[in-house]
Every structure is written in C-alpha cells, then in structure tokens.
Amino acid sequence: MLSRVASHIYWLGRYLERAENYARFIDVNFNLMQDLPTDMKEQWAPLVAATGDFELYRKKYPGFERHQVMYFLALDSDNPNSMLCSVTNARENARIIRENLSKETWEKVNELYYMLKEGLERKVWKKEDPRQFFETVKNQILLIYGLADATVARTEGWHFRQLGQLLERADKTSRILDVKYHILLPTTHEVGSPLDFLHWMALLKSVTGLNTYRRLYGNIDPSGVVEFLVLNKYFPRSIFYCLKEAERCLRCISENTSDGFRNSVEKAIGEMRSRLEYSEIDDIIAVGLHEYLDNIQLKINHISDLIDINYFRAKDNFVYQPESQSQSQS
Amino acid sequence: MNTEGYSCNEHFDEMFTPDGQVRGHYDEFYNYLSKASAKKMTQLQFSANKTQKAMGMTFNVYHDNQGLEKILHLDIIPRIIANAEWRKLEAGLKQRIYALNLFLQDIYNDQKILKDGIVPADLILGSKDYLKPCVGLTPPKGIWCHITGTDLVRNKDGEYYILEDNLRCPSGVSYMLESREIIKRAYPQLFNDEGVMPVSDYPTKLLKMLQFLSNKAKPVVGVLTPGIYNSAYFEHSYLALQMGVELVNGVDLIVQNNKAYMLTTKGLQQIDVIYRRIDDSFLDPLTFNPESMLGVKGIFDAYKAGNVALANAPGTGVADDKAVYAYVPRIIKYYLGEEPILHNVPTYLCREEEDRKYVLDHIDELVVKETNAAGGYGMLIGPKSTKEEHERFKFLIKNNPDNYIAQPTLSLSTVPCLTDEGIAGRHVDLRPYILYGKDIEVIPGALTRVALKKGSLVVNSSQGGGSKDTWVLYN
Chain A
4 MLSRVASHIY WLGRYLERAE NYARFIDVNF NLMQDLPTDM KEQWAPLVAA TGDFELYRKK
64 YPGFERHQVM YFLALDSDNP NSMLCSVTNA RENARIIREN LSKETWEKVN ELYYMLKEGL
124 ERKVWKKEDP RQFFETVKNQ ILLIYGLADA TVARTEGWHF RQLGQLLERA DKTSRILDVK
184 YHILLPTTHE VGSPLDFLHW MALLKSVTGL NTYRRLYGNI DPSGVVEFLV LNKYFPRSIF
244 YCLKEAERCL RCISENTSDG FRNSVEKAIG EMRSRLEYSE IDDIIAVGLH EYLDNIQLKI
304 NHISDLIDIN YFRAKDNFVY QPESQSQSQS
Chain B
344 MNTEGYSCNE HFDEMFTPDG QVRGHYDEFY NYLSKASAKK MTQLQFSANK TQKAMGMTFN
404 VYHDNQGLEK ILHLDIIPRI IANAEWRKLE AGLKQRIYAL NLFLQDIYND QKILKDGIVP
464 ADLILGSKDY LKPCVGLTPP KGIWCHITGT DLVRNKDGEY YILEDNLRCP SGVSYMLESR
524 EIIKRAYPQL FNDEGVMPVS DYPTKLLKML QFLSNKAKPV VGVLTPGIYN SAYFEHSYLA
584 LQMGVELVNG VDLIVQNNKA YMLTTKGLQQ IDVIYRRIDD SFLDPLTFNP ESMLGVKGIF
644 DAYKAGNVAL ANAPGTGVAD DKAVYAYVPR IIKYYLGEEP ILHNVPTYLC REEEDRKYVL
704 DHIDELVVKE TNAAGGYGML IGPKSTKEEH ERFKFLIKNN PDNYIAQPTL SLSTVPCLTD
764 EGIAGRHVDL RPYILYGKDI EVIPGALTRV ALKKGSLVVN SSQGGGSKDT WVLYN
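These protein sequences, in sequence, are chains A and B. Each step along the first sequence adds one to the number in my numbering, with nothing skipped, and position 307 is 310. Each step along the second sequence adds one to the number in my numbering, with nothing skipped, and position 136 is 479.
Calculated directly from the structure, the hints in this document are not laboratory data. These numbers come from a predicted model, not from an experiment. Think of the CB as a built atom: it goes at the ideal place given N, C-alpha and C, for glycine as much as any other residue. Hints may contain errors.
Listed below are the simulated DSS-like cross-link pairs for lysine-lysine, each with C-alpha atoms no more than 25 angstroms apart in a straight line [unchecked claim]:
hint	chain 1	residue 1	chain 2	residue 2
1	B	548	A	106
2	B	393	A	126
3	B	609	A	247
4	B	396	A	126
5	B	609	A	270
6	A	106	B	551
7	B	393	A	106
8	A	106	B	413
9	A	106	B	527
10	B	413	A	120
11	A	120	B	393
12	A	141	B	548
13	B	396	A	106
Distance ranges between label pairs, derived from CB positions [unchecked claim]:
hint	chain 1	residue 1	chain 2	residue 2	range
14	A	105	B	610	25 to 31 angstroms
15	A	211	B	600	52 to 58 angstroms
16	A	126	B	767	38 to 44 angstroms
Taking the hints into account, I'd like the entire structure generated from these sequences.
Structure representation (structure tokens):
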C-alpha cells in the first residue's frame, strides 16, 4: 500500500473516532448537568479541560456557559478538534483516498459531513435539548464502522484504519476519565456522596459501559471504575484493550508472527501494553490518576510518531529515513 | 409533460423535426415523457441532484473548510442517438484517431509528411507543443494517443462536425459513467424497453488497454493525479477505484536506475504503466518544466528506456493545435488514402495569404481563434463584437498571422431540457471517448454537455454548463 494512502487511512480512523468521542462527551455532560442540584452551577469547564483545548477556549470566550462550550466542542471551526473539524478532516482524508474505500463508506462519510454542516446552520447548540443531534452523529459514525466491519477486506488498509481508531480511542478514554479529576465537588466531604456516584455513573454511560461495569464489578466505586476503564482485559474501550488490539494491528501490518518486536513502534507499544497488563489499580493510585493518564497520553503520541516514521516516510527498501519527527496531522 | 410550443425550427433539434414531429429514435422516450406529470419529472430531477451530492460527484476548486465543491448539473432528459448514426460516428472517429496516431509517429521520427509538404514543417517544428525530447522515440506498441475525447457539434444542416481532437488527457468520462447510473435509476422500465448500449465496462476496457502497453504478464498500473485541488480529482480517484489500481501523486513515485517505483509501506514497488492526468510540461522537472512540483524526477528517462509506459504519450499536444486541426483532412488522406468520414469545420489559416485576405474581409462573420490558446482565451466572435474589436483583431492577425485561424460561426443542435419554464430546448455538444490499445474502440456513449442558459452556446462547466446522459441505441 502507498505510504501516503496508509497515512490518510490512519488519520481517517483517528478523526472519526475523535468526532464520535466528542459526541459522547457532550451527551454525557448534558445528562449529568440535569441531575445536579439546582443551586449548583452547570459545570462545563471540566469538559473543555479534558479535551486539552482549555487555553484556546479561554482566549475565545469569557465564561463557560453551556451553549458556548457546546458550540466550541461541536461546531466551532476555530477549534481544530471540534466535531466539525474532525469530521471535515476525516472526509478530506477519505476524499483523498476515495479509490481505497468502498462506495458506501465514502457516501456515509460524506453524509456525516453534511449532517454537521446542517447542525451548524440550524444552530443546534442553542436548542433546549440538542441530544438528538449528537446521538444521530454518533450513530452515523457507528454505521460507518459497521459498514467497514461487514465489507472491508482485512488487508493493510483495514489494519491502518483500526490502528488509528484504537489509538484515538485509548487517548479519549483516558481523557474521559480525566474529566472526573477536573469536576469540582462542592466540598471534600462530598467524595463518596450520591453526587460523586452520579459523576462516576455518567462517566461509565459516556463509554456505553455502565451495564458491563455493573455485571463485572457490582457497586460503583472510584477505584473499580478506573480499573475498568484503564486495565480491563475485555471491555473494548478500556485503554489496555485498545493498546492490545493496536499492537495486533501493527503486527499484522509487518506480518510479524514471531514473539518479539520487529521495529521501533512495535517495541514501544509492546512495552506500554505489557506495563498495563501487569499493573494493579493500586499502582495507578500511587502515581496519582491525573499524572498517570497524562503519561499515557504522552506515550500514545510517541507511538503515533513512530508509526509515522516506520510506515509513512519509507524512502527505499532498506533504511527508513525519518525527515522529521513532527506529524503531518494532529 | 406537455411539449406543445416547443421551438425546434431555428436549429437542428435532436428530438423533433422542424415541423414538430418526433424523430423515430425518440419515440419511446417521447411516449414516456408525454404521460409523465410535471411533478413526476421534477421529482426525478430532484432525486438525481440528491444522488449526485451524496456521491460527491463534484468538480472545481476545493477548500478544506469551505466546501466549495460544485456539482455539474445533470439534466434528466437523455440525449439519444440512433444506431445507424452512431455507426457512422464510430467509423469516422476510428479513422481520425488512426491517422492522427500515424501522424504523431511520423513527425517525431521520419517526418515524411513534412518533407512531402503536406503539412508545413515550421508549423509543427516551431510549435511549443512539439517536444524535442520525444524526437526519435516510439512509444510502447507504437501508440501515442491512447485516450481521446473528441468534441463534436451538430450544425443546422444536421451533420456532425469535429470541433476539437483533445489528444491530451481529456476529462469528463466519469460523468458519463456516473450519470448513466443515476439516469438508470430514474427510468428503470424505459431502460429495459429502449435497448441502450452499456458504458459501464469502460473502466475494464481502460485497464485492459493500459495493461496492453506493458510486456509483463501482470503489470502494475497507476493513475497519476496532480492532487486533490485539481478540478478533475473526482474523476482521477473514480477511475483508479473502478480499475482497482493505485491513485498516485508525484510524491508517491521515485525513479531509480531508469525504473519508476511507488513508495509503499513495504518499501519500493515498481510501476509499469502510468495513466497520467498531468500535463506534459509538468511530468518531469528534469526534462520539462523545472518548476514542476507535481511531476516525478527522471520519469521521462524511465519512459525513454522503455521501463514505464505513459498514457497518453508525451508530445501528443502538437497534433491537437488549432492550426494543425485544419490539416487533419489532408493528414487522413495522406496516410490512409481515404476521404475523411467526419467533417472538419471549414478553417481559414491566417498564415496562408488567400485565407488571410478572406478573414480580414469577412471578420464580422467569423470566429477568430488563437492557435495556441485553449478554452476561449484570445478569441473573437465576429457577429457579436464591436467595430473596434474587429479592427484590433485585424491588427493582431496582420502582425502575427501564424498565430490565428478563423472559422464560420456554427449553430449547435438543441435537446429538450427540464427548465423552470417546463420543457425547453438547450444547445449541446458531444464528447465521445475513444480508447486505442490492441484495437481502436469508441465507447457507445458520450458526455453531452449542455448550455443551461437560454440561447447560450457556451457548454463549459465553469460557465453555467450542465450535462446529459447520452444513449446510443442497439437498433
């Protein structure tokens, strides 16, 4: 497969997943705010903080009013990570490699784009209840995954898209978890209060994991939720699971059937995956959740850089010649 | 829908005779149309537009966050061509392409036609499109113009005239293919009843033709595009998808030891045949325009060494120059000893004294064109211009006669279209596609471009043109 094409497929996977997660973020925060006592102000700042675009937001807007945050995260074209920008980028990547996608996949991605444009025209963020819009967007993206799952051959292109999707999902799960770190409780006494539980439940809902969690862990308790979302071996949105699958994709791409790693990116992801595999929840708490998640995000970025060097910049058959370590897209 | 009051006697109309009778090959369609309500037709048009948008059948410059994509309007009333008429067009086009190919081989090699004085040597050798690096070169299998999209119009006399030969990477074939898919959905039953010849195997034929250019058993084929900002990008990607080959940019290719390679995730992979959709001058910065960012360094040397085939061959542009056009009937006679089957538009060459005198005397009746300019630049439409403009062009012609030709103003035939005021005639041209591989094959269909503005003769998509599906009937 052409290196350039592989790169576009990888980023198509990342941008779609990013947009889907943003739809989840907003939906869940909206739900959560409805459950808060009337005397508490709506908390939208933590959501912005978790996305990593806090600085940008502060430069543009004075307060954290709901409509504004929703606009910023969903449809603001000045925010490079907004749903609109992610979808536009996904479509742009898809358009460039259209000959590598099935006709249906391209058409659904194209429709998704027009869906966002329409949302912008209709000013959905100002609606009393905009959840329907986010739900539809999320479903459209899931439809694209489903289409791919049912129709795309499991060759290199498939693995590159999966790889992008899985790394993005691992990153976003870490960020969803981080929202909780940023959300303020009225007092420290509230830790373990019904309000605190409400937060944790909302978090699980946002990754469609509440029922699975209940079945596996029973009671909602913070360390259980963290373990579930970071270390769980079976839940497809846990960070460990995503990395394990991403590693598998990398090994399929390099056709590596031996035990060891074959290149620098397999080495990095293998090391990270096994660290998580052998970690206990206490190890995370000892480091501090926020610090731990921060570190995970940095490592994922590093892995993404290594993919770029190993696969998107090959210039001959023998030696890889990385021109620069910076990524063409982010 | 009602077609009473349809005006069809000013120009040749494809559906109606001047006295308002339906032409035979339009019978079935007319039957359908007269029974369908205006509402039904509007609905069909609406869903055709919607499908086009969903398919992303776009052209024109595209900007990341603005979505400046435009859709080429597809009118749902087809342009229908009777079989007998098509056979004649087919024979004429084959004859023409065959002769032009011999001409190209000759002027880059023995130059017999120049030595025999049939075509003036300075016209060819002095042309900026005559590529010196191609001299002495015979492309793989001796084919120069693999893919041609000839522009024709039908004049008031009912005859087809060749307007332009388009021997360098003609575009629009994807519209022919996608439009057919859409129109098939609009008239499922009618398609069964009519017997319309299929065009959908074009990508297969194109791929076969490209593979034929290599001597390998399983050659690697690719489509080379200037990139996503090119107005025809949709088509490049569409053709690559339909053929199941790689769509490559210049940056995806490198040349080593006179062989061309693609940069892949697994290292280098040799490429054997390139359907290139970038101009000659941008193809190779080492041989042609050194400024080119789109091309591939050294690709021309690889081509010359016979390690990669390029379609169309570099250097074909010299044969579709507007002045060379005037000589095509003589070129056909010279190589084939046959009379041309299809008409040329009578062309006055200002380089020849007698012609020049005629042009200067009749400038108010003629269309004057610059020989090297394309697409309506440096053009004078005599009947629609002022005295001052006439004088200005007379001056230009006298100063540089070689650079100008003149032709009588043609009338373009009309086809009924669905407009805001109901069914009305609009002017059309015709661009069939011809593939030259093992044999020469004319695809039974075409891109029919239509001037959507009432009375307009400009069919270009950039200037309010649309398109129609073109049906060639089995019988």
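Hint check:
Restraint check for residue 548 (chain B) and residue 106 (chain A): satisfied, since their Cα atoms lie roughly 21 angstroms apart, inside the 25 angstroms limit. Proximity of residue 393 (chain B) to residue 126 (chain A) is assessed by CA-CA distance (about 23 angstroms); at most 25 angstroms being required, the pair is judged to hold. The hinted pair formed by residue 609 (chain B) and residue 247 (chain A) meets the criterion: a straight-line CA distance of about 23 angstroms does not exceed 25 angstroms. Proposed proximity of residue 396 (chain B) and residue 126 (chain A) is supported: the alpha carbons are some 23 angstroms apart, at most 25 angstroms.
Under the criterion of a C-alpha separation no larger than 25 angstroms, the hint pairing residue 609 (chain B) with residue 270 (chain A) is consistent with the structure, at around 18 angstroms. The suggested pairing of residue 106 (chain A) with residue 551 (chain B) holds, with an alpha-carbon distance near 23 angstroms, which does not exceed 25 angstroms. As the CA atoms of residue 393 (chain B) and residue 106 (chain A) are separated by approximately 16 angstroms, the hinted pair is consistent with the 25 angstroms bound. Distance hint between residue 106 (chain A) and residue 413 (chain B) is fulfilled; the C-alpha atoms sit about 20 angstroms from each other, no more than 25 angstroms.
The hinted pair formed by residue 106 (chain A) and residue 527 (chain B) meets the criterion: a straight-line CA distance of about 18 angstroms does not exceed 25 angstroms. With a CA separation close to 16 angstroms, the supplied pair residue 413 (chain B) and residue 120 (chain A) stays within the 25 angstroms bound. Using a Cα cut-off of 25 angstroms, the hinted pair residue 120 (chain A) and residue 393 (chain B) holds, with the two alpha carbons roughly 16 angstroms apart. As the CA atoms of residue 141 (chain A) and residue 548 (chain B) are separated by approximately 41 angstroms, the hinted pair breaks the 25 angstroms bound.
The suggested pairing of residue 396 (chain B) with residue 106 (chain A) holds, with an alpha-carbon distance near 13 angstroms, which does not exceed 25 angstroms. Checked against the hint of 25 to 31 angstroms, the C-beta distance between residue 105 (chain A) and residue 610 (chain B) comes to roughly 27 angstroms, which is consistent with it. Remark: the range hint 52 to 58 angstroms for residue 211 (chain A) to residue 600 (chain B) is upheld by a beta-carbon distance near 55 angstroms. At about 40 angstroms, the beta-carbon gap between residue 126 (chain A) and residue 767 (chain B) stays in the expected band of 38 to 44 angstroms.
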